[in-house]
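For the protein sequence lines, the chains are A and B, in the order given.
Under the working numbering, the first residue of the first sequence carries the number 141, and numbering increases by one thereafter.
Under the working numbering, the first residue of the second sequence carries the number 2, and numbering increases by one thereafter.
Just so you know, the hints here were simulated from the structure itself, not pulled from any lab data.
Hints should not be assumed to be uniformly reliable.
What the hints assert, rightly or not - Short, incomplete list of chain A residues facing chain B, as computed with Cβ under 7 Å: (1) Arg151; (2) Ile789; (3) Leu858.
Said to hold, decoys possible - If you want the ones that stay clear, here's a sample from chain A, every Cβ over 10 Å from chain B, calculated: (4) Phe156; (5) Glu496; (6) Arg589; (7) Lys703; (8) His856.
Don't be surprised by glycine CBs; every beta carbon is placed ideally from N, CA and C.
What follows is each chain in one-letter form.
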Amino acid sequence: MSATGIGAAVRRKEDFRFVTGKGQYTDDVVRPGETRAVFVRSPHAHAKIKSIDVSAAKKMPGVIDVLTGADLATDKIGNLICGWMIHSKDGTPMKMSAHPALAAGKVNCVGDAVAVVIAESIAQGKEAAEKVKVDYDVLQAVIDPAKAQAKGAPQIHADIPNNTIYQWHLGDPKATAAAFAAAKHVTKLDIVNNRLVPNAMEPRAALAEYDEGSDHLTLWSTSQNPHVARLVISAFVGITPEHKLRVIAPDVGGGFGSKIFIYPEEVVCLWASRKVKRPVKWTSDRSEAFLTDAHGRDHVTHAELALDADGKILALRAKTIANLGAYMSTFSSSVPTYLYATLLSGQYNIPSIYCEVDAVYTNTAPVDAYRGAGRPEAAFVVERLMEVTARQMAIDPADLRKRNFITAFPHQTPVIMAYDAGDFHASLKKALELADVKGFGKRKREAARHGKLRGLGYSAYIEACGIAPSQAVGSLGAGVGLWESAEVRVNPTGSVEVLTGCHAHGQGHETTFAQLVSERLGIPFDNVSIVHGDTDKVQFGMGTYGSRSGAVGMSAIVKALDKIEAKAKKVAAYVLEAAEGDIEFKDGKFTVAGTDKSAAWGDVALNAYIAHKFVGADLEPGLKETSFYDPTNFTFPAGCHICEVEVDIDTGKTDIVNWTAIDDFGTVINPMIVEGQVHGGIAQGVGQALLEGAVYSKEGQLVTGSMMDYTMPRAHDLPSFHVGLTTTKSPSNPLGIKGCGEAGAIAAPAAVINAITDAIGTEDLAMPATANAVWSALQRAKPRQVA
Amino acid sequence: MPAVSMTVNGKAVSGNVEERTLLVQFLREQLRLTGTHVGCDTSQCGACVIHVDGIAAKSCTLLALQCEGASITTIEGLAEPGGALHPMQEAFREHHGLQCGYCTPGMIMSALDIVRRNGNDLDEHTIREQLDGNICRCTGYHNIVKAIAAGAKNMPKVGAQQAAE
Ligand code: FES
Ligand code: FES
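Full structure from sequences and hints, please.
Structure, rendered in structure tokens:
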């Protein structure tokens, strides 16, 4: 392994600019003559708009224009869309209601954009926004997803009866019912997977500029996938044709899913910039972010596990209501279906599974993918069922898992996924050792002497990443294929630029992608630069989410590098005056087999452009190749996390005293970066389990609407983590990568709740397990039933 | 609009600001020092931390006019003019104490203040407790804590008296 090649903990190229304050995020970009957009937002969760009067606002100092939904309609700007078609059990397509970028006669959640003020400054814009008079006829709101379908519930969209978007299912209901009928033990759990607010530290922002001379629009945007944004904004919303729109996603300060989606503000800034003929910038403040960024999770689930007398799983079934909020966000429909129910087999041999999912509208912020997206919800269901089953059947929880692990691959689960590699025994074994589970009893007794309850919780998760094989997702309703593109440009001096359709917003692609190129071409790491995030520079690509950049994005680079090598060999054959078949390439050097004749990488690169030695008819000058890579399968990262907690009996406060994470991510390009991803994922998972939860009042006001009310994990809420790896390579991509971005967030919630419920001796505990929630659970606790 | 003058990263600067202009707006919008970030509107996240006369402060919670005559240091003022990083910046890079980089300037400026208050030898508990005013959504803090401990060690010795103040 070279010092900068695959597997090396290379320090990141991007860090110099970030630690010196030289990063360039969207809000840092300033265009000449730029104006500011300030949105007028609904204070009501559900209301008819009787009238909007913008006349006073238009007269305010510094105001350039005030625009409403009516103007949007006049200009025939289209609606935002959800791009994944789900069909209900009865075969009918999902019911998607219109989502205009500015409300059309009705608001459906607090924060819904009603009008926009374009002003010289934010302060002037805000003052004018106060003068926009909106006369609302307030309607009753429905907030609780479990009540959204009830008879008599307020109807949010006139065209969507019972607020029901789809009633979907997966698996075999008959076989599952039969297995349950024959079971010796059935575990039943009611689970609320709490709604989360993503809270990437950089708030969303959009800066749009119209160039009248060329009739082109440019959008700087906090996007994880600028090409997808361009496609949706042009082809569906119809702002301008695709080739007349450039989307640039510069440095982006975290995304976690929330910056995948196409939001009203981007559309409005583009549209307004063409109207006012000046650049228009909007930067969300945190309060707006709480109201308008797509939230995550929000499932209500009843789940059951059937086992025989030996603790062998016979079947699993689950019924889930998924809250999608007031509008269907870009990928919302896929999250509680194909990203959720397909993972309900966990790491286990489960002969039959049946899952039903109803997706509903409520008068709350839209819900879409947030780190893990569906897979944390699935892992929580499976791993809570396993732990509770172990307790009820009085089987050691590690042992129960071992009895049911899948050990032979490929393994076809009853819920679509075909696991292609893994070693679940290995990760559990390593985790048991690293967590010193043997010594737990002693630690528990020791803690008891200090008035603390100690508990241990496992989470043996699996996820599907490397999103995604186009055929597979196409057959499941995805509107776009989820391949990735790469272009490798070799310059005459031998340095290399890689243009990737992926986008980094913390993942460190400028480093890891350069490691791959450095290793493969045998050239210095510093001679490679990675270009991303600009639709004018990079060919169409799908962006970054679903832990796909390594498995899919780097595979595209590998394919392009294969072509580069093949072409370079042809050039080398001319340079070395040898037959092409005799050229070998290794460590940045071309040699003629069996001779001492060689040419350095740089010589061949240069000659590819000088081309004096070519026969033009045989070989084109230049050294640049493109490839599109479509994966053959998902990848299946998996592992075992063990959380150890101490609960203070008097206050209910939980301290995480030890965290062990053993993950199998396949090939690791940069272990430092991979560990960092695990840390961050665990922190978000612990946040969900202990601290975070979006709370709406029954009128639909977001009670947790700021960082003073919504508890973000801070340094003192978390321990240092013990992380380690086991490795089975993914057979579905050339590098054997599985992906690591979401594992922590998927594994952690179940590990925490399993640990706390172990400590307090009751399963009656919902997330977030705040001190108050744990203390209350302790007060309610009845001794645990052992069958 | 009233005028305001201060020293920023060793340079005398002045400008006209509205009474309500926040220090962070003055730094970012007028001086174009965009390394100082805004991550919230309730003084919670610490992305905006700078130093006022050597002491860490949240620049989203100060008016520009309050800083008349003050000496301000921002993230842009830490590295040597030739580009050599401050030991704390270097430690964040070495220990992978950042991912998206958005919280990083505030983290580094707060870290320096933790060293000022506690000296060069910092334990994990102290760092975690005193990082209370800074939120990072990416790193889970693990490597930030390591970076701060290492950076503190590599910084010039902070006098006992200074640390105790
Ligand atoms: S911007 Fe969040 S504390 Fe200043
Ligand atoms: S590195 Fe992204 S918020 Fe801290």
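For each hint, the structure was consulted:
Interface restraint check: arginine 151 of chain A against chain B, minimum CB-CB distance 6 Å, threshold 7 Å, status holds. Taking 7 Å as the C-beta cut-off, the interface hint given for isoleucine 789 of chain A is violated, the closest approach to chain B being about 23 Å. Interface restraint check: leucine 858 of chain A against chain B, minimum CB-CB distance 6 Å, threshold 7 Å, status holds. Distance check on phenylalanine 156 of chain A: its Cβ comes as close as 7 Å (rounded) to a Cβ of chain B, failing to clear the 10 Å threshold; non-interface status is violated.
With a minimum CB-CB distance of about 34 Å to chain B, glutamate 496 of chain A clears the 10 Å threshold, and the non-interface call stands. The non-interface label for arginine 589 of chain A is consistent with chain B: the shortest C-beta to C-beta separation is roughly 22 Å, beyond 10 Å. Remark: the non-interface label on lysine 703 of chain A is consistent with the geometry, its nearest Cβ contact in chain B lying 32 Å away (cut-off 10 Å). Once the 10 Å rule is applied to beta carbons, histidine 856 of chain A is inconsistent with being away from chain B; the minimum gap is 4 Å.
Of the hints listed earlier, those the structure fails to meet are numbers 2, 4 and 8, in rising order.
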